[in-house]
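Residue-level listing of the chains:
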Amino acid sequence: MTAADFLSIDLPAILVAVLSATSCGLLGNFLVLRRQALIGDAISHVALPGIVAGFLIAGTIATLPLMLGAMVAAVIAAGLIEIIRRAGRLESGAAMGVVFTTMFAIGIVLLEQTGASNAHIDAEHALYGNLESTLWLGVTGWDDALTWEALSQLPRQLITLAGVTAAIAIMIAAFYKELKVSTFDAGLAASLGLPVRTISTVLIVVVALAAVAAFEAVGSILVIAMFICPAATARMLTDSLSRQLWLSVLVAVIAGVGGYVLAAFGPQLWGDTDSLSAAGMIAVVAGLLQTAAMIAAPRYGILSRAIRRRTRQLDLPA
Amino acid sequence: MPGELFSILTFQGGYNTSVVLAGVIALGIGGGVIGVFSFLRKRALISDAISHATLPGIAIAFLIGIALGGTGRNLALLMAGAATTGALGVLCVQWIRDYTRLPEDAAIGTVLSVFFGLGIVLLSHIQTLQAAGQAGLNSFLLGSTAALTAGEAQLIGGASLVAILIALLLLKEFGAVAFDEGFAAAQGWRVARIDLAMIGLLLAIVAIGLKTVGLVLIIALVIIPPASARFWTERLGRLVALSGAFGGLAGWLGGSLSALLPDMPAGAVIVLAAAAIFTISLLFAPRRGVIAWGVRRLRMRIRAASVRGLLAMADGYLPPDGLSYRVVRWRGYIDGDARITESGRTAASEMRRQDRLWQTYRTRHPEAALSFNPLTGTRIEDVLPADIVATLEAHSR
Numbered sequence: 001m002t003a004a005d006f007l008s009i010d011l012p013a014i015l016v017a018v019l020s021a022t023s024c025g026l027l028g029n030f031l032v033l034r035r036q037a038l039i040g041d042a043i044s045h046v047a048l049p050g051i052v053a054g055f056l057i058a059g060t061i062a063t064l065p066l067m068l069g070a071m072v073a074a075v076i077a078a079g080l081i082e083i084i085r086r087a088g089r090l091e092s093g094a095a096m097g098v099v100f101t102t103m104f105a106i107g108i109v110l111l112e113q114t115g116a117s118n119a120h121i122d123a124e125h126a127l128y129g130n131l132e133s134t135l136w137l138g139v140t141g142w143d144d145a146l147t148w149e150a151l152s153q154l155p156r157q158l159i160t161l162a163g164v165t166a167a168i169a170i171m172i173a174a175f176y177k178e179l180k181v182s183t184f185d186a187g188l189a190a191s192l193g194l195p196v197r198t199i200s201t202v203l204i205v206v207v208a209l210a211a212v213a214a215f216e217a218v219g220s221i222l223v224i225a226m227f228i229c230p231a232a233t234a235r236m237l238t239d240s241l242s243r244q245l246w247l248s249v250l251v252a253v254i255a256g257v258g259g260y261v262l263a264a265f266g267p268q269l270w271g272d273t274d275s276l277s278a279a280g281m282i283a284v285v286a287g288l289l290q291t292a293a294m295i296a297a298p299r300y301g302i303l304s305r306a307i308r309r310r311t312r313q314l315d316l317p318a
Numbered sequence: 001m002p003g004e005l006f007s008i009l010t011f012q013g014g015y016n017t018s019v020v021l022a023g024v025i026a027l028g029i030g031g032g033v034i035g036v037f038s039f040l041r042k043r044a045l046i047s048d049a050i051s052h053a054t055l056p057g058i059a060i061a062f063l064i065g066i067a068l069g070g071t072g073r074n075l076a077l078l079m080a081g082a083a084t085t086g087a088l089g090v091l092c093v094q095w096i097r098d099y100t101r102l103p104e105d106a107a108i109g110t111v112l113s114v115f116f117g118l119g120i121v122l123l124s125h126i127q128t129l130q131a132a133g134q135a136g137l138n139s140f141l142l143g144s145t146a147a148l149t150a151g152e153a154q155l156i157g158g159a160s161l162v163a164i165l166i167a168l169l170l171l172k173e174f175g176a177v178a179f180d181e182g183f184a185a186a187q188g189w190r191v192a193r194i195d196l197a198m199i200g201l202l203l204a205i206v207a208i209g210l211k212t213v214g215l216v217l218i219i220a221l222v223i224i225p226p227a228s229a230r231f232w233t234e235r236l237g238r239l240v241a242l243s244g245a246f247g248g249l250a251g252w253l254g255g256s257l258s259a260l261l262p263d264m265p266a267g268a269v270i271v272l273a274a275a276a277i278f279t280i281s282l283l284f285a286p287r288r289g290v291i292a293w294g295v296r297r298l299r300m301r302i303r304a305a306s307v308r309g310l311l312a313m314a315d316g317y318l319p320p321d322g323l324s325y326r327v328v329r330w331r332g333y334i335d336g337d338a339r340i341t342e343s344g345r346t347a348a349s350e351m352r353r354q355d356r357l358w359q360t361y362r363t364r365h366p367e368a369a370l371s372f373n374p375l376t377g378t379r380i381e382d383v384l385p386a387d388i389v390a391t392l393e394a395h396s397r
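Sequence order for the protein chains is A and B. Numbering-wise (my numbering), the first sequence opens with residue 1 and increments by one. Numbering-wise (my numbering), the second sequence opens with residue 1 and increments by one.
If you are wondering where the hints come from, they were derived from the structure by calculation, not from laboratory data. By construction, the Cβ of each residue, glycine as well, lies at the ideal position given by its N, Cα and C atoms. Among the clues, some could well be false.
[Said to hold, decoys possible] With beta-carbon atoms standing in for the labels, derived distance ranges:
{"id": "1", "chain 1": "B", "residue 1": "188", "chain 2": "A", "residue 2": "176", "range": "50 to 56 angstroms"}
{"id": "2", "chain 1": "A", "residue 1": "162", "chain 2": "B", "residue 2": "5", "range": "49 to 55 angstroms"}
{"id": "3", "chain 1": "B", "residue 1": "101", "chain 2": "A", "residue 2": "311", "range": "17 to 23 angstroms"}
{"id": "4", "chain 1": "A", "residue 1": "170", "chain 2": "B", "residue 2": "162", "range": "55 to 61 angstroms"}
[What the hints assert, rightly or not] Listed next, the stretches of chain B that the computed footprint assigns to chain A, with coverage defined by at least 3 CB atoms under 8 angstroms from CB atoms of chain A:
{"id": "5", "segment": "40 to 53"}
{"id": "6", "segment": "89 to 100"}
{"id": "7", "segment": "215 to 227"}
{"id": "8", "segment": "260 to 270"}
{"id": "9", "segment": "275 to 284"}
All chains should be modelled from the sequences, with the hints used to inform the complete structure.
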């Protein structure tokens, strides 16, 4: 592998994976703590009809209309879920199930009926993403990597994602206290005069933004995995929110890099030249990290709890 | 075109179309009937974890099929693989929920994304094999009835019928556990086993339906019909029957439309038919529907406004706000020049008397009075026995 190959093929893909994982992983902490983990699932499924509608209205596959379409669809879905949950007095899981499957179905029908499927939009792509096609063209080696000319050709998804990730990190830092109080104790937050409703709406909108930005590159399934696995892993390891946030970023980065490396170079270990799906592999690595945490976490892991239970039993007077 | 639609709907669209349609209807009924129980247990999205967790199973079954020298497209083998990893997925969800500090929704999200990720990795490996029939695997994602042979449709229909039959046989047990787990346990039923049977059936219907409607949309078949049926009834038997009927109806309409029109994927059309039924139920169901609820609320506001207006009139004022003014004007208690009419005077003094009696009742029997809404202007004679009203009358003077 040459430096040019690495810089133009692997590095952008790794960076996109890491940035997607970080932005979704950071927000996931709040979703998991608020018992809204599956909102991420619903939102990333409805991105499909949004993207198709954006394409049909704008008539191009330019990023902006597609992302706008997906954003609008995500917000509509979140609103519909809330309306159906209240008006129909349904449990939120059922309301989510009704809304996201229906919107996904609308997306598929639109896709098939309008011929949008010929324009590089297809449902499978939406599910798996296409990390491997994120290329940094116009770079030939380490020497010219930092020149203005090369940098200006960085893949567009990478720049979008970097912006979104930075925005999310700044938002969390700026409103840390508000987010923390309203997440752990909505009643207390309301009595302190915090706009609890607005905070949760804004959170959903930002989740939609992160999902849509990551979705194009890594597909909806990896988005869901990143909303949940890093946060859940970190949750197993600590009780402190700030430590949980840092840990989730660490997990996201490890999963992103590790998953990509395993998918791209793993098969060569047994002499296979083809690479595997990076998005899928990143989800698997995140799952493995979470499993390890669930089993071996120092305080809340299954092993240490079993050991504690055993020592307690031994301590009992005979 | 309408004639053609009619002939498909009435099973005259050719042998293959009819068999596929019958299979899809059986699948719809099965999804509706079996979905009721996880819906009632407020675990509707467990099916989301199951359906995504089937993907690695499908891929592994395909690889096994190839290794055994076939094309890997044997539907029964693929279904078995799907059910195996689907079951593994459910076990993982329950394990995470029961043995770690993570809640069930995080467990479902973890399982669905990680299992699906594994499935994608395996599929990306399969794509490099250039094996025969691998293109057919994609139909498991989004489903297709076009690719369904008559034999496969018979398998799907038959398996759905068996699942429905088992669910009906266990209806009493399922109902008890779904409505009140503690009660079922106290009755001596083995809740864990009944739960397992419920999940097993859910798993079966997901595995059966995968090929037809795809793994994202199969979830809709077990969530939307029960959620729709819930608007119409409170009783388990009727809920199951109605949910099955809605599922079957969605399968029938969706299956027919997709057979008739080009580029109409069956799974999506079936889900849209189910969503239409849901919307109608949400809006128009007689007691729990949104419109019935709105009408009830409006009536309540009008009655309260009338009480407000009449009480103000009894004290010699005009009704205090726009709504109460319009209501008493509409009922003819005041005329166009804002003068109190004869009937208005009578009604106002009767309302004042009612209010006095209710106040006395509330002072003397505060607990009992809690069960009546003070705003709706219920006549006290209509709800309390005459002797109590007479006592109140004596005390209120």
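Hint check results:
1. B/188 to A/176: 50 to 56 angstroms: 52 angstroms, holds
2. A/162 to B/5: 49 to 55 angstroms: Taking Cβ atoms as reference, residue 162 of chain A and residue 5 of chain B lie about 52 angstroms apart, which means the hint holds.
3. B/101 to A/311: 17 to 23 angstroms: Since the Cβ atoms of residue 101 of chain B and residue 311 of chain A sit about 20 angstroms apart, the hinted range of 17 to 23 angstroms holds.
4. A/170 to B/162: 55 to 61 angstroms: Holds, since residue 170 of chain A and residue 162 of chain B (Cβ atoms, about 57 angstroms apart) stay within the stated range.
5. 40 to 53: This one holds; 7 residues, not fewer than the three required, reach chain A with a Cβ under 8 angstroms.
6. 89 to 100: holds (count 3)
7. 215 to 227: holds (count 8)
8. 260 to 270: That given contact holds, which follows from 6 residues of the segment 260 to 270 of chain B lying within Cβ reach (below 8 angstroms) of chain A.
9. 275 to 284: holds (count 3)
When each numbered hint is compared with the structure, no violation occurs for any of them.
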